[in-house]
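**Q** Residue numbers (full-length UniProt numbering), protein chains in the order written: chain P, 1 to 437; chain C, 1 to 437; chain U, 1 to 437; chain L, 1 to 437.
Some hints could be false.
Since the list gives no way to pick one copy over another, a pair counts as held whenever it fits inside one copy or between any two copies.
Below, computed lysine to any residue pairings styled on SDA-like, alpha-carbon distance capped at 20 Å [stated by the list, open to error]:
no.	residue 1	residue 2
1	K392	E256
2	K205	A401
3	K385	R344
4	K129	A329
5	K385	P16
6	K71	R7
7	K136	R377
8	K71	A28
9	K129	R433
10	K42	R197
11	K385	E256
12	K71	D374
13	K385	Y341
14	K347	P3
15	K347	L393
16	K400	I22
Rather than coming from a laboratory, the hints here were simulated on the basis of the structure.
Okay, here's what each chain looks like letter by letter:
4 protein chains.
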Amino acid sequence: MIPRYSRPDMAALWSPETRYRIWFEIEAHALDAMAALGVVPKESAEAVWGWWATNPAIDVERIDAIEAVTKHDVIAFLTWVAEEVGPQARFLHQGMTSSDVLDTCLAVQLKRAADLLIADLDALLDVLKRRAYEHKLTPTIGRSHGIHAEPVTFGLKLAQAYAEFARGRARLVAARDDVATCAISGAVGTFANIDPRIEAHVAEKMGLSIEPVSTQVIPRDRHAMFFATLGVIASSIERLATEVRHLQRTEVLEAEEYFAPGQKGSSAMPHKRNPVLTENLTGLARVVRSAVTPALENVALWHERDISHSSVERYIGPDATITLDFALARLTGVIDKLLVYPERMQKNLDRMGGLVHSQRVLLALTQAGASREDSYRLVQRNAMKVWESDGKLSLLDLLKADPEVTALLSPAELEEKFDLDYHLKHVDTIFDRVFGQ
Amino acid sequence: MIPRYSRPDMAALWSPETRYRIWFEIEAHALDAMAALGVVPKESAEAVWGWWATNPAIDVERIDAIEAVTKHDVIAFLTWVAEEVGPQARFLHQGMTSSDVLDTCLAVQLKRAADLLIADLDALLDVLKRRAYEHKLTPTIGRSHGIHAEPVTFGLKLAQAYAEFARGRARLVAARDDVATCAISGAVGTFANIDPRIEAHVAEKMGLSIEPVSTQVIPRDRHAMFFATLGVIASSIERLATEVRHLQRTEVLEAEEYFAPGQKGSSAMPHKRNPVLTENLTGLARVVRSAVTPALENVALWHERDISHSSVERYIGPDATITLDFALARLTGVIDKLLVYPERMQKNLDRMGGLVHSQRVLLALTQAGASREDSYRLVQRNAMKVWESDGKLSLLDLLKADPEVTALLSPAELEEKFDLDYHLKHVDTIFDRVFGQ
Amino acid sequence: MIPRYSRPDMAALWSPETRYRIWFEIEAHALDAMAALGVVPKESAEAVWGWWATNPAIDVERIDAIEAVTKHDVIAFLTWVAEEVGPQARFLHQGMTSSDVLDTCLAVQLKRAADLLIADLDALLDVLKRRAYEHKLTPTIGRSHGIHAEPVTFGLKLAQAYAEFARGRARLVAARDDVATCAISGAVGTFANIDPRIEAHVAEKMGLSIEPVSTQVIPRDRHAMFFATLGVIASSIERLATEVRHLQRTEVLEAEEYFAPGQKGSSAMPHKRNPVLTENLTGLARVVRSAVTPALENVALWHERDISHSSVERYIGPDATITLDFALARLTGVIDKLLVYPERMQKNLDRMGGLVHSQRVLLALTQAGASREDSYRLVQRNAMKVWESDGKLSLLDLLKADPEVTALLSPAELEEKFDLDYHLKHVDTIFDRVFGQ
Amino acid sequence: MIPRYSRPDMAALWSPETRYRIWFEIEAHALDAMAALGVVPKESAEAVWGWWATNPAIDVERIDAIEAVTKHDVIAFLTWVAEEVGPQARFLHQGMTSSDVLDTCLAVQLKRAADLLIADLDALLDVLKRRAYEHKLTPTIGRSHGIHAEPVTFGLKLAQAYAEFARGRARLVAARDDVATCAISGAVGTFANIDPRIEAHVAEKMGLSIEPVSTQVIPRDRHAMFFATLGVIASSIERLATEVRHLQRTEVLEAEEYFAPGQKGSSAMPHKRNPVLTENLTGLARVVRSAVTPALENVALWHERDISHSSVERYIGPDATITLDFALARLTGVIDKLLVYPERMQKNLDRMGGLVHSQRVLLALTQAGASREDSYRLVQRNAMKVWESDGKLSLLDLLKADPEVTALLSPAELEEKFDLDYHLKHVDTIFDRVFGQ
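Same shape as in the complex, but just chain P (with noise of 0.2 Å):
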């Protein structure tokens, strides 16, 4: 976790307080049922609950200094509460092992982090959906491999991007789904010592749905795919903050992140104004599919369980969705504050003598009665032109010029094909489809 790209709420619940709070409400629940079910005394679970009513500061130091004598994390925690509970929390835990806590509350988290991904991506999707609104109509060129093809829209490029999301927040909601379930079911799964009730009463209060079987643990294939989600997501910031440095290159400028008055762009160099925030993010996308690997390594832990996930777990839950909220947090602020350029892009769009064109005509002379190929050779060879002139000769005069041209196409007919509008009368198709009517 660094500080500088986490934000409060995600940071916070990957505290150490967290947890043990997390630990203290499933262990409690456990214990209500418990008592109903006639297990324990039902003083214990008044007893624990109402040293939890009195709200208890969690004296997280004074926990750290228990493990490190039993060198246990569960029961360091557990001892604490029964110093300041006193006897009735001897109950606690009967039956269950570790791992009944461990896993569940690490589910707990993943989902409320989850819930907190799906706000971002909520943020990120209206912020899109505004700036796409507000550029549906505003031409620019589209590039394929780098190079002027035809031309779009610049809400064109958001809507993409706002699908895209729009999928990742849908595979999120199932990954937290998959990945929500509460285990409370004894040392290697199989409830000996503690009866199914239980786990459905803590799930139930914890917002989780019963894990199946678990064998101590909660099946790590669930983890790998909640990681592997987000490495998805985070491929998405990387394919718009790509973009986004693209279009702020020198040369091409039709957008730029927004620069704070009194930013410094660079120490040397005063006058640099940097996509610093979208290479930033394309960065944090790579940290973020790293936890996907090892995430993957985790499933096959040894029998019914091995304690090999449990450091990795320490470093990708924490890193990979709070860098992953940050990411999403920086995009929708990059997207919401872009500085748009409609004039270069227009400038942009003219700067290749009508070349974008080309595919019109090479049709047009298709359907005038020319073959495929010698359609293709006949535009070609003026294209060719007006490319080695870097946009200085105009397609359209050089077609008009070109008698095997003329002879299938008027110049009229010509003319027509360079009309920009052509290309645009499917934009509000294509925003109905992503937006809905």
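We have chain P; now place chains C, U and L onto it with these hints.
**A** For chains C, U and L alone, coordinates are given in the frame of chain P:
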């Protein structure tokens, strides 16, 4: 693609011939739709489909030869079709771009691959269910950290695997539907030269949904999610394969891969019977997983598209699906024919002098009034003696001889704590959860 | 292995025939050494080498057929040799284990692959050096964050690439030597049934060093290091390929992949000239890198060996080396024939109204007595105006008109700060460092 | 950085204070060199070093506060220094760019980190060597595929680990020297505003070599190689940790992690003694390895530099080195105090009824004139009976009773084949190879 790790149906799906057949279908269905819209002559579509009805062989070598000149695969294919069909073929591909064909074809291939994999999973699930019920009540030791913990049944192990692969199946269905989209939207995806109704027609005919917003290419977050899902399933294969490898260890030998007569385990050591299939599966899982990172790196294409994803997909498309198909089938065979040794399981269960019952004694002492800490100490001091005797001492005997223990629990009460059935009483509950009632 | 991304020498190295030839050499050299030690009859070695001297064809199909029965590749091979040679062949492989043959063969293959790759790197380095000197003093804008920074030369860009690939070459030499070890140590590596002098003899004959301690297998940290090194080289390929892709962007167009007459850039847009080779290299880099993680996962074999590494190596051994060989050769071709446009570089250099000289002014102001903060402010306020004018205003003109600036620097002093040669004065120093004096 | 997996020296290396101290040294040494060249007043350097000689506390909070305004870390630091030193500090950083400081600082940190890790490796190698000699001739069963193969010694296992970590050490030395370069080359690396002799001076003072050609940044292939090397070492840790985990399995129990008095293995099962340290190491290995892919992705920066690498390095720089440092120290402790049980090793060796000697019999039969195929068949048919008896039958007895066998080998000859020392005769050879004579 490694022939020894391939099965014919999946391999055929990735052959040049299959690819060209799918290309034809996409182009020809698009032509139908164009003809219906009056954009091209109906005769063109009739000519093309008429030729197809003659069931022509796909001349892969000829297409390759054309591509060697044009350096463009789709143009090479269309040129070949034109050679075969004649001039009516010139209306094919009108307003379309190569990516319309390539990306929609890949969607078809990945969808069909997913269907094969889902069938593989179904076969595996069947076998797991059968063998889980066969050994529903076969007692065996549950192990955490590779150390004997408490009794489970062999059926529970397989039920866990069933639940895990059932989750994998559900995720694969979602990933399949996510990746199965059709884009026929022309250069940079604006439908400038092709009516969106053509896309809708092709999508329906090819069993795909439409891509709401493509940018010449179908966005690669879909593919990333697909390969990530394969990676999670591969990790589950690794988990079950690792279980078998452990069970077959010389000292454990509770189960064994089927050993065919005439098979040689080692060229040097004739006595060897090695878990080579599950070791192989462990390696194949690594191979499938290795597709995940490049698939994630493929997401951030530049602007409306670049072609960096293409070479990656030429490898991982076939490799990940063919390898996973093979691995699932191999795993199904391993489980189907797995030699299971219940006597050995019982023998291993008994070898620790009753230590596996220590938790029940712990709980009983607590319930008899001892503090948790005292109970733990009483059990541990006797358990350690048994442990150090390598199972020669009996925990029950030692407890009966410990006055601090007998002050709390009578010999009869102690004996009752060493009953195996106690651990199996919720197996039905778990089976009901996993397999339904 | 994808044929279109393969070159013949490297592909041949991974053919079954080459593998069997190497197996033969290992077995036959070992037999020689056994005969020299008197362990086997000299006639046996003579018979085996005598057969080999007839240059027998390797009957891959026959060997495959035997393996289909024995399910063991080395036994199948030895059985075939025995069929060919007759009873004297029965002394082959005595005291050896399959891994002795397989692992030593893989070492030979990886060493030869490394030699091919080193030759590839030498060819690339030659081309980089030639073109670096060709453009040693061709001015071009240096860019940080994609934004114009200060002038560099195009030769410096290539010198950087040269230095990077020279490092890659040195690392590959080290990785080659690391992986090129011979193990002929028998089951579990104790030499119980085979004299260590046999290993020494085979090692010398095959051009390998001896493996100091093998455990039936050669330890896989060696292979992990090898594939990791390939992954780093692949990443350097991605870096240089990305540079070319950027330079070829329509708006930048300072360099361009060679475009063959008759080549079609796009089936739909005849005007396109796309950087498809370098985009392809970007994807191929991802493929090579994808071998790193499974190679790392292969290290932790169980006890003296398991066979999980084997299937992984069947994929990544050929794929990573063949792909990298192809990619290096393709990159060499791209750089060799790269179209470089110095006029366009100059035009781009000039387009920012002299902003690229802002740092020199900053330093001059500091040296003229202004505080660093004041200097920065003075430059930035003028630079921002130029920036916002899209290069229409001139920084030099604005500075000359700023009284706070002219209070510190005279017009002549300001003009001197806008001299391009100032930036190139240490190019020789850098070239001397990179290429030697 | 996870405190529980950190050790103080390595953690301190990555603290803000250490970073600022290194920044100061770089800037101040550069200032010295500038003063020596007459570029800045000598008084400036004297003032700066004079202040430093007062051993001033680094006011991290103040620097953070300035950065919150400037949004630029190096400028914030220099501003703070100027506040402390006064106007003479204005000559600091002249002609330099932030990357000169940041990248050279990172090189210093990675070099120092490597030195700590090399010391860790030395400590581990010492322990491995001591325990290897202690158990040089302690017989134990060698296992391939988890199945008993032939005898080895426990010392050989440790000698293998020694050789593997010695390779890791050599690779780390190379990676350290590779990454330890100094770049003080100014914006885009041309030395336009800074003399190359300044770089040479700083390099010497900081214990680095000069970067031959930087482009504002030090090329990231160096860092990629560094982290890849850490990943290989981590994988070797996983291998040895996995060995211990296997040996501690209940059924094997040939070795055991030291178990401290008062330690609790399980909150629920008091009898457990789990290999939790080596399981933890398995997970930590995954964490260190997870740095490799993002480090590889960092190589392809855009043009002369972008800043996408920076956020990645903020995570993996500390995480990979701190975690590996902790893991090496933990592994050293595990091996140092490992409880080794030679009696149990012997017992396991004997449990297979002599099957581990099967190869010797196979070879003897061949040498007595049987074909390899017949020999294999004769041994296998007896070995399979022993195998199926679970070690109750004796291979020697069965062979003595097999007339086809006794036709070739006398009882005395057979008995001689079951001698354990036969397998240990080359242990000295291997130890000499590994540890030197």
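**Q** If a hint holds in the structure, say so; if it doesn't, say that too.
**A** Results of checking the hints against the structure:
{"no.": "1", "hint": "K392 with E256", "verdict": "between (27 Å within a copy, 19 Å between copies)"}
{"no.": "2", "hint": "K205 with A401", "verdict": "neither (79 Å within a copy, 44 Å between copies)"}
{"no.": "3", "hint": "K385 with R344", "verdict": "between (25 Å within a copy, 17 Å between copies)"}
{"no.": "4", "hint": "K129 with A329", "verdict": "within (16 Å within a copy, 45 Å between copies)"}
{"no.": "5", "hint": "K385 with P16", "verdict": "neither (68 Å within a copy, 37 Å between copies)"}
{"no.": "6", "hint": "K71 with R7", "verdict": "between (31 Å within a copy, 17 Å between copies)"}
{"no.": "7", "hint": "K136 with R377", "verdict": "neither (35 Å within a copy, 38 Å between copies)"}
{"no.": "8", "hint": "K71 with A28", "verdict": "neither (23 Å within a copy, 47 Å between copies)"}
{"no.": "9", "hint": "K129 with R433", "verdict": "within (13 Å within a copy, 43 Å between copies)"}
{"no.": "10", "hint": "K42 with R197", "verdict": "within (17 Å within a copy, 68 Å between copies)"}
{"no.": "11", "hint": "K385 with E256", "verdict": "between (33 Å within a copy, 16 Å between copies)"}
{"no.": "12", "hint": "K71 with D374", "verdict": "between (80 Å within a copy, 18 Å between copies)"}
{"no.": "13", "hint": "K385 with Y341", "verdict": "between (30 Å within a copy, 16 Å between copies)"}
{"no.": "14", "hint": "K347 with P3", "verdict": "neither (42 Å within a copy, 44 Å between copies)"}
{"no.": "15", "hint": "K347 with L393", "verdict": "both (16 Å within a copy, 18 Å between copies)"}
{"no.": "16", "hint": "K400 with I22", "verdict": "neither (76 Å within a copy, 40 Å between copies)"}
Violated hints, in rising order: 2, 5, 7, 8, 14 and 16; the structure is consistent with all others.
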